[in-house]
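Student: Here's the letter readout for the chains.
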Amino acid sequence: EPEVTQTPSHQVTQMGQEVILRCVPISNHLYFYWYRQILGQKVEFLVSFYNNEISEKSEIFDDQFSVERPDGSNFTLKIRSTKLEDSAMYFCASSVQGAGTGELFFGEGSRLTVL
Amino acid sequence: GQQVMQIPQYQHVQEGEDFTTYCNSSTTLSNIQWYKQRPGGHPVFLIQLVKSGEVKKQKRLTFQFGEAKKNSSLHITATQTTDVGTYFCAGITYNFNKFYFGSGTKLNVKP
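Chains as they are written, first to last, in the working numbering: chain A, 1 to 115; chain B, 1 to 111.
Next comes chain A alone, as it looks inside the complex (with noise of 0.2 angstroms):
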């Protein structure tokens, strides 16, 4: 069964240094999306991305925050200068179509933590 996978699993960082996380969605995925989620806490919308390019993004996802499509597969979030306030686990997800139209495949997350 297809499934979207992250990398990496787990990350510790030191603040103030980027990561990036990595993502690929299942293969005839059109739409892609970031979510974090605080441990314990609910699922919180970053981004969602559609024909290279940002569709809708929160209020949490500021400048910060990039994504991209570098290669055709991979789909990366960046954090640029990362918080204590950024340790969570983010999940990548992926759909056929757009939002409301099709369910989300999440991936497994990628754990952040932030020191």
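The hints are all genuine.
DSS-like cross-link-like pairs, simulated, lysine-lysine; straight-line CA separation at most 27 angstroms: (1) B:57 / A:42; (2) A:83 / A:57; (3) B:36 / B:70; (4) B:106 / B:70; (5) A:42 / A:83; (6) B:106 / B:57; (7) A:78 / A:57; (8) B:106 / A:42; (9) B:59 / B:36; (10) B:110 / A:42; (11) B:110 / B:57; (12) B:57 / B:70; (13) B:36 / B:106; (14) B:36 / B:57; (15) A:42 / B:51; (16) B:106 / B:56; (17) A:42 / B:70; (18) B:70 / B:56; (19) B:51 / B:36; (20) B:36 / A:57; (21) B:56 / B:36; (22) B:36 / A:42; (23) A:57 / A:42; (24) B:110 / B:36; (25) A:57 / B:70; (26) A:42 / B:56; (27) B:106 / B:59.
Label pairs and their computed distance ranges (CB to CB): (28) A:50 / B:50: 16 to 26 angstroms; (29) A:96 / B:75: 26 to 36 angstroms; (30) A:63 / B:110: 42 to 52 angstroms; (31) B:53 / A:96: 23 to 33 angstroms; (32) A:68 / B:78: 39 to 49 angstroms; (33) B:57 / A:52: 33 to 43 angstroms; (34) B:56 / A:80: 38 to 48 angstroms.
Simulated from the structure, these hints should not be mistaken for laboratory data.
Every residue gets a Cβ at the ideal spot worked out from N, C-alpha and C, and that includes glycine.
Put chain B on the given structure of chain A with help from the hints.
Tutor: Relative to the frame of chain A, chain B by itself:
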């Protein structure tokens, strides 16, 4: 801004008891989805509801979408230990390509 509230936050039940979680949106939704997240896992899609007043069943799970398309519920009949996890609703508005997740209801089932 868009808010999707979910209650209760936690529910502890004895195996065999029923369980219900409720989801309420501040605005009308185009549709709503439900996800289950096992402890330490990632959200997994359960179902999507689209029509006003829609009711769908999956074995012991019953999902409802309110007539005004602003609320939804998930009911589990005769819970089992395999039902343990956090259940999230995710509402989608008509204009935006993003899902608003509810705060989740964490279900614990005692054998």
